[in-house]
Amino acid sequence: MNITQLLGLTVRLLVPTLLVALGGIFSFRIKVFPLGLEGYMLAGCFLAVTGTYLFGSPYLGMAFAAILVMLLALIFAFFVIELSVNPVICAFAINTIVAGMTRFLMIPVFGSSGRIYLDSALALPRFQVPIIKSIPIVADIFNNHSALVYVALLLPFVIQFVYYKTNYGLSLRATGAYEEAAVAVGISTRKVRYIALMTTGCLAGLGGAQLSLTANLFNVGMTDGRGFTALAAIVLSAGEPIRAFLGCILFGLCDALVLNLSSEGIPIQFLSMLPYILAILFAVMPPVIRKLSERTAFSKLQLRIRQNDPEILASRAFHHSVNSEE
Amino acid sequence: MKRTGTVAMALVLVCCFLLAACAAPAATPAPAPAAPAAQAAPDAPAEEPAKVWNIALCTIYPFDQAVWLTEMIEDMRKFDDENDNVNIKIVEVSETSQYEPKIRALAEQGIYDMIMTQFSGHVEATLAVAKDYPNIVFFNQDGMVPNIEQYPNVTEGRGGDRLSTGFLTGALAALMTKTGKVVFMGGKDIENVQMIAAGWQQGIKYVNPDVEEKFVIPDTFNDTTITREMATSLYQQGYDIIGVSASGANAGVVQAAAEFKGDLYAWVLPFESHFHEIADGHELASGVAHNGVMGVNAIKALMDGTLQMSIVKIYGFPDGVNEVPFCAGDAVPQDVQDRFAEILADVLDGKITITRDFHY
Chain C
1 MNITQLLGLT VRLLVPTLLV ALGGIFSFRI KVFPLGLEGY MLAGCFLAVT
51 GTYLFGSPYL GMAFAAILVM LLALIFAFFV IELSVNPVIC AFAINTIVAG
101 MTRFLMIPVF GSSGRIYLDS ALALPRFQVP IIKSIPIVAD IFNNHSALVY
151 VALLLPFVIQ FVYYKTNYGL SLRATGAYEE AAVAVGISTR KVRYIALMTT
201 GCLAGLGGAQ LSLTANLFNV GMTDGRGFTA LAAIVLSAGE PIRAFLGCIL
251 FGLCDALVLN LSSEGIPIQF LSMLPYILAI LFAVMPPVIR KLSERTAFSK
301 LQLRIRQNDP EILASRAFHH SVNSEE
Chain X
327 MKRTGTVAMA LVLVCCFLLA ACAAPAATPA PAPAAPAAQA APDAPAEEPA
377 KVWNIALCTI YPFDQAVWLT EMIEDMRKFD DENDNVNIKI VEVSETSQYE
427 PKIRALAEQG IYDMIMTQFS GHVEATLAVA KDYPNIVFFN QDGMVPNIEQ
477 YPNVTEGRGG DRLSTGFLTG ALAALMTKTG KVVFMGGKDI ENVQMIAAGW
527 QQGIKYVNPD VEEKFVIPDT FNDTTITREM ATSLYQQGYD IIGVSASGAN
577 AGVVQAAAEF KGDLYAWVLP FESHFHEIAD GHELASGVAH NGVMGVNAIK
627 ALMDGTLQMS IVKIYGFPDG VNEVPFCAGD AVPQDVQDRF AEILADVLDG
677 KITITRDFHY
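Chains C and X, in that order, give the protein sequences.
Take the first sequence: its letters are residues 1 to 326, numbered as in this note's numbering.
Take the second sequence: its letters are residues 327 to 686, numbered as in this note's numbering.
Some clues are possibly wrong.
[What the hints assert, rightly or not] Chain X residues, not near chain C, derived (Cβ > 12 Å throughout): (1) Glu450; (2) Asp536; (3) Thr632; (4) Arg665.
[Said to hold, decoys possible] Stretches of chain X that chain C covers, calculated by requiring three or more beta carbons in the stretch to come under 8 Å of a beta carbon on chain C: (5) 387-398; (6) 538-548; (7) 554-568; (8) 603-610.
[Claimed, not checked] Restraint-style ranges between C-beta atoms, simulated for each label pair: (9) Met470/X / Ser293/C: 52 to 58 Å; (10) Ser636/X / Phe33/C: 52 to 58 Å; (11) Ser112/C / Phe652/X: 23 to 29 Å; (12) Ile75/C / Thr681/X: 56 to 62 Å; (13) Tyr686/X / Ile3/C: 22 to 28 Å; (14) Ser272/C / Asp645/X: 32 to 38 Å; (15) Val88/C / Val662/X: 55 to 61 Å; (16) Val638/X / Val129/C: 56 to 62 Å; (17) Pro651/X / Gly265/C: 30 to 36 Å.
Hint data in this document are derived by calculation from the structure and do not stem from the laboratory.
Every residue, glycine too, gets a C-beta built ideally from N, C-alpha and C.
My request is simple: use the sequences and hints to build the entire structure.
Structure, rendered in structure tokens:
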């Protein structure tokens, strides 16, 4: 197995999921569980191909997908915010409706069913990045990708900045943490929630666009559960952009490993478990490490007590005197 | 608020009932018009109305999920349009919990002469319903029905001679490879895919035992991104021909072949369908299986009373279900084409025995 190729493959595989996960974080942060990501992504796949087919440009196709999926998210937001519809039910409805609509619209839009192939002239252009292309190993991993790949790789850091260094980020976190308090200090939580839910749609639409325009086709059900993988990354990262990025790298690496190892003769039945095993490890490791470090600290404290550490003795004496005064 | 919600739900339910009541009964055949009694001559024999054959095809996948299924449905609809005495109703029976209820509901209507089901997923439900409706013929496609001889109204058709198609395409791959390394990519590790792979492996050995071959599984029938990346990786490793049986995900491999920018040439041999439109001249040949032809042949056999029950029939090359057309223009040299024709003739004459022995 060639490690450089493996990492290059990881980058290509992780990007659609990453864009969707980053979008989902906005919803997650305002306590709206983004269960509709799969539907948004599938809509993005279909609309990107439709836009490219109609306007003759993959970039316009991408914009078409982002805008229309954002409008779809606006409808979702209206139901959730104004009509107080349960977001989980609404998300299920979106997933089901999108799955059906993409199948149904294939016939009137393209005159075919199941799948549509775009002309190779409409493929998403790939770029040779000036500095990167001359660095031996880095070039194999990061060079010759579409523009959206580079945008996606930078986006976690941009979103991290937005969350922690801007007014909107503060309002978003406040709305998610304690909405009543945010309202009390004058934050328009309604506006914040609308923007967050629409951003989710926009980024998920772009994730779908990346998936379909890289393949240059639309295939019914082509997201194949990637929206749910993004959801897993969001939950594992607790809505932190950089951690979600790491989660997506983990899933992308798993996919790349599965592809490479299955051609090495390792049974696919075993390999298909790999992403989930790693996901569980990813979820379990932080609390385990925390517990272990707590236990270590406690053992150290006990040891110091046994060794009559003067600092501990002084502290105990202080507490004793305070208690006896009371 | 609660009250308004209840009223709204009640209204929706009422609307649903009204819609259901207004809907025309599905697929009920128009009754044959009775001859007016006054016009009939007293001693002329009454003309029997032409028999209308009602067939139901239950698809195990959504209609547009697999290329072969889309093509099968097109073929069967065409046959329906061309024959006034045939009505074919196509029903999606793709949810596991719906298998038996939907098949039983069709049987209960009492109008169908034959109910066609698909693959092993439908087998149990098919057999359960067939037992209760002995006057209806049940045709299962590729389900590997166990003990089929015990079911007098059940028959199985294999949509294509997978072993022979695999063998022929494998032989062609061995004749055409320049690097001496070829791969078979099966969508999932299932028996139908293994049968093609078994033929492919034996075809390669038959032509040139020195060719290095590999079997890989991307574990998807839908995800073109995965098959495309896997194929690109295999081409980079020096495998120059990939045979792929991954249904809708075949397109990913075809695209990888068309876009591969390495030093060696990259060929693809997709099964089930053609992919000329995106192959950009890199599709060497296709192991095509016309499942619709099989369905139509089975209906014709039912109509003329030759459809045999309690057996498994393989619909292959002689039935027009299978073919292996060359696709890449003049890429296949004449001597290879001649050799291929010899092997094809030997396979069809039964001079070559192809077994189901398969290795990973």
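Outcome of the hint check:
1. With 12 Å as the threshold on Cβ separation, the claim that Glu450/X sits away from chain C holds: the shortest Cβ distance comes to roughly 23 Å.
2. Every CB of chain C is more than 12 Å from the CB of Asp536/X (nearest about 19 Å), matching its label as outside the interface.
3. Distance check on Thr632/X: its Cβ is at least 33 Å (rounded) from any Cβ of chain C, clearing the 12 Å threshold; non-interface status holds.
4. Here Arg665/X stays apart from chain C, with its beta-carbon at least about 29 Å from theirs, past the 12 Å limit.
5. Closer than 8 Å: that is the beta-carbon criterion, and the segment 387-398 of chain X has 7 residues meeting it against chain C, so the requirement of 3 holds.
6. Under the rule that three or more residues need a Cβ within less than 8 Å of chain C, the assignment of the segment 538-548 of chain X holds, with 7 such residues.
7. Counting residues of the segment 554-568 of chain X whose beta carbon lies closer than 8 Å to any beta carbon of chain C gives 7, which reaches the threshold of three, so the coverage claim holds.
8. Counting residues of the segment 603-610 of chain X whose beta carbon lies closer than 8 Å to any beta carbon of chain C gives 3, which meets the minimum of three for the stated coverage.
9. Range check, Met470/X to Ser293/C: Cβ separation about 56 Å, and the 52 to 58 Å hint holds.
10. A hinted range of 52 to 58 Å for the beta carbons of Ser636/X and Phe33/C is consistent with their spacing of about 53 Å.
11. Look at Ser112/C against Phe652/X: about 25 Å separates their beta carbons, and that is inside 23 to 29 Å.
12. In this structure, Ile75/C and Thr681/X meet the distance hint of 56 to 62 Å, their C-beta atoms being roughly 58 Å apart.
13. Here the CB-CB span from Tyr686/X to Ile3/C is close to 25 Å, well matched to the stated 22 to 28 Å.
14. In this structure, Ser272/C and Asp645/X meet the distance hint of 32 to 38 Å, their C-beta atoms being roughly 36 Å apart.
15. Look at Val88/C against Val662/X: about 59 Å separates their beta carbons, and that is inside 55 to 61 Å.
16. As the Cβ distance of Val638/X to Val129/C is approximately 58 Å, the hint placing it in 56 to 62 Å holds.
17. A hinted range of 30 to 36 Å holds for the C-beta pair Pro651/X and Gly265/C, which are about 32 Å apart.
The structure meets every hint from the earlier list without exception.
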